[in-house]
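Residue numbers (our numbering), protein chains in the order written: chain A, 1 to 525; chain B, 526 to 901.
Treat the hints loosely; a few may be bogus.
[What the hints assert, rightly or not] DSS-like mimics (lysine-lysine), calculated; alpha carbons at most 25 Å apart, straight line:
1. A:Lys340 - B:Lys602
2. B:Lys600 - A:Lys340
3. B:Lys602 - A:Lys422
4. A:Lys419 - B:Lys600
5. B:Lys600 - A:Lys422
6. A:Lys340 - B:Lys614
7. B:Lys707 - B:Lys602
8. A:Lys419 - B:Lys707
9. B:Lys614 - A:Lys192
10. A:Lys492 - B:Lys786
These aren't lab readings, by the way, just hints derived from the structure by calculation. Quick caveat, the model's predicted, so the values are computed rather than measured.
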Amino acid sequence: MSEAVAHDDHDHGPEKGLMRWVRTTNHKDIGTLYLLFSLAMFMFGGAMAMVIRMELFQPGLQVVDPHFFNQMTTMHALVMVFGAVMPAFVGLANWLIPMMIGAPDMALPRMNNWSFWILPFAFTMLASTLFMDGGAPAGGWTMYAPLVLQTGDAFPFLIFAVHLLGISSVMGAINVVATIMNMRAPGMTLMKMPLFVWTWFITAYLLIAVMPVFAGAVTMLLTDKFFGTSFFNAAGGGDPVMFQHIFWFFGHPEVYIMILPAFGVVSAIIPTFARKPLFGYSSMVYATASIAFLSFIVWAHHMFTVGMPLAGELFFMYATMMIAVPTGVKVFNWVSTMWKGSMTFETPMLFSIAFVVLFTVGGLSGLMMSITPVDFQYHDTYFIVAHFHYTLVTGSVFSIMAAAYYWMPKWTGNMYNEKLGKIHFWLSAIFVNVLFFPQHFLGLAGMPRRIPDYSVQFTDWNMVSSIGGFGFGLSQLLFCYIVYATIRGGEKATDQVWEGATGLEFEQLPSPAPYHSFNTAPEVK
Amino acid sequence: MLRKINKLIAAVSLGMAAGMQSAMAGFMDTLNLREGVTPISHAVYDLHMLILWVCVVIGVIVFGVMAYSMFAHRKSKGAVPAEFHESTKMEIVWTIVPFLILVGLAIPATKTLVFMADTTESDLEIKITGHQWKWEYEYLGEDVSFISSLSESSRKGIYADPNTVDNYLLDVDRELVLPVGKKIRFLITASDVLHAWWVPDLGQKQDAIPGFINEMWTVIEKPGVYRGQCAELCGRDHGFMPVVVRAVSEEEYASWLAEQKGASVEMAAAADKVWTADDLYAKGEEVYNTQCVGCHQLNGMGIPGTFPAINGGPVANGAVSDHLNLVMNGRAGTAMVAFKDQMSDVDIAAVITFQRNAWDNRAGDAIQPADVKAAR
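All chains, full assembly: derive it from the sequences and hints.
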């Protein structure tokens, strides 16, 4: 006992003032920085989406020039993918992984600080391109050559920003792997780890594998533009399709990087509110690993129309269809977890259930587009836009919101306002469907994506979609308020927070979790 | 007060009922994939409907079980949580069954794909080249080729009222005329950036890629006009490069083709005569409004920072030889392509004459088709 007291004397709180956040190496501080940064980027990227939906409200050009419209679609995607969704998951990893595995902090705390602080500079640089000659990048977030080479002064800034984001992500991923490998509490075997830790473990490997590939692709773009190489220039003997192959070899694992941790979040929340352990834990782990493996051999389904040979089309069709199997296993496991539980429907559970339903909608449309001959029709239409927004908004973003409501009481010690949380959920869930469901219809009826103006027969559904967009966007202001209010105060949370909550962070730590937790490793049975 | 509200509701619902029929038509017409008019499009449509229904059934079952569980297994109804957390039997079932469903889908999908890949034994071949932002069509072996770009009426509707324009943004100055009932092989490529050639009614799209020639085939079953557009982001005017196919009977096609060949003879004659400045200016305005307007805009001011202004610009007010050189050979590394490959001598002479004398430009000179020919 005396040892513990002596230890407590060494336990110090955070530094005071602004420098706390600049110099911090504490996983909780860095998690908070990541999450707040991600929320800011979510609103910034959302503002650009509002410009897009305003222009598409009716046919004709009313609000912006087509070139600026293309800048908006490009920047919206880059900011949402690299600024909102990925940092949000890294923030959750920082906060939760040490607490979940009984570690005092991340394994590499100084690198942790650095990998966060790269981000604000990278995005300042990226956002500054909006004010440059020729405007921001307008060739789509996929940066397909040769179009991206027509970018004006923004081009080198785009490439440099992407490099920085890649470095930040890889450092974050290395930190996650090192932490999980080395810092688990005694008794915390791999197959006892919470599924969120497992999904992040696998995600981290995906990041380390593909981010350098992406960095290579954009570096080749850079040398094509400035140093006279012809990697992607057909006139110089290069191959524009090769860019797409390299990009999507990164890009497809990248989309799973944005969804695997979401699976982990939902796998933590549903058992809590069903008051019943997760169904099929080990099959969940194996399904996650299978999805990660398959993600490396399906990339060309993003490019069915580039004119691949028949054998290639068939291979990528079959491989892509296979993804439905492990993904199906996950969905069935969540439903079985709910089955014969004793459910209550607090905000995190509502977002998680919406996640399961709407992510499955996105998964089913994904299955449809895996069928190559039909994808020749779907490709590059609003059907695709609807699909990936179902997986990314009602998938990833909804899981992030579920996580925020679920763990915020543990982080801050304060309960959020349940009534406001539920209002936020219902507004989001309804408007997001008004926003994205009609886009399935538009795509099938023949509206291509990435166009600033459309033929008049597409007017009705575009108006509906835009109204949904404005509603969804405004609803997120409520989320910002709820987060602010919960940080400031509110009803005190219990240590367990939720009646059915399990795991080290709920069972062994008080709310709010102390600045330093598990300085002495807990015993896991 | 209540009566007033009742009245209001009655009036609104009456108005809605009247508006509903026309309004609903707009919603209902754009719900699903188009069946199209080719063997490929029918096969693709059937496959689409098959997988759509498979997905609907899966969705109904999964969401049905979830909904029942959410209704029956809630704490407020006194549900006591069960203890189970695995069942090897169930897990095997829901791994195998989806796999079998996938095999069931893969078989017709493979058949359709093999059918689509067979571009052999075609009756005629069309080479399609994507340019920023227009399509070039070449009837191989027929010595007929032309450029097809957004029609002037659509272009003018963009900042006016699109609802008054017929086939807004899906209308071109020159349609691709094709015969029905013939196997047509398309050879698709691009000159600058990626494009994708797509007509939904033909049931397929294919990327146009510089340095590559992609293939696609079709047999159009009935005469008609089929509209589509570029489907791969290709820069500022990506949304403004439609595709229009006019399918006609074989006889009509033959006479149309003969007419086109006659037109190219006429064009050669036109290139040899000396034009008046006014005729060149009038012709040049037409050419400008389809070929140049996408970048340089109707008022000739371009887009600052992206596309240079012609109105008051140094080239249009400088030496005519430099102007000719720029239009003929383009400017490397920019969207300004070499127009000598895309336009006739008459068109180039006319559009240069127009640019030098339109808006605030007062060069006062004209350039003849013969000068263009000499510069080739």
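Each hint, compared with the structure:
About 12 Å separates the Cα atoms of lysine 340 of chain A and lysine 602 of chain B, which keeps this hinted pair within 25 Å; it holds. For a cut-off of 25 Å, the pair hint linking lysine 600 of chain B to lysine 340 of chain A stands: about 10 Å separates their Cα positions. Restraint check: the Cα-Cα separation between lysine 602 of chain B and lysine 422 of chain A comes to about 20 Å, which is no more than 25 Å; the hinted pair holds. With a CA separation close to 19 Å, the supplied pair lysine 419 of chain A and lysine 600 of chain B stays within the 25 Å bound.
Our distance criterion of 25 Å between C-alpha atoms is met by lysine 600 of chain B and lysine 422 of chain A, whose separation comes to about 18 Å. About 18 Å separates the Cα atoms of lysine 340 of chain A and lysine 614 of chain B, which keeps this hinted pair within 25 Å; it holds. Among the hinted pairs, lysine 707 of chain B with lysine 602 of chain B is inconsistent with the structure: their alpha-carbon atoms are about 67 Å apart, more than 25 Å. For the given pair, lysine 419 of chain A sits about 66 Å from lysine 707 of chain B by alpha-carbon distance, which is inconsistent with the 25 Å threshold.
Taking the CA atoms of lysine 614 of chain B and lysine 192 of chain A, the gap is near 23 Å; set against the 25 Å cutoff, the hint holds. In summary, the hint linking lysine 492 of chain A to lysine 786 of chain B is not supported, as the alpha carbons are separated by about 85 Å, beyond the 25 Å threshold.
In this structure, the hints that do not hold are numbers 7, 8, 10, in rising order.
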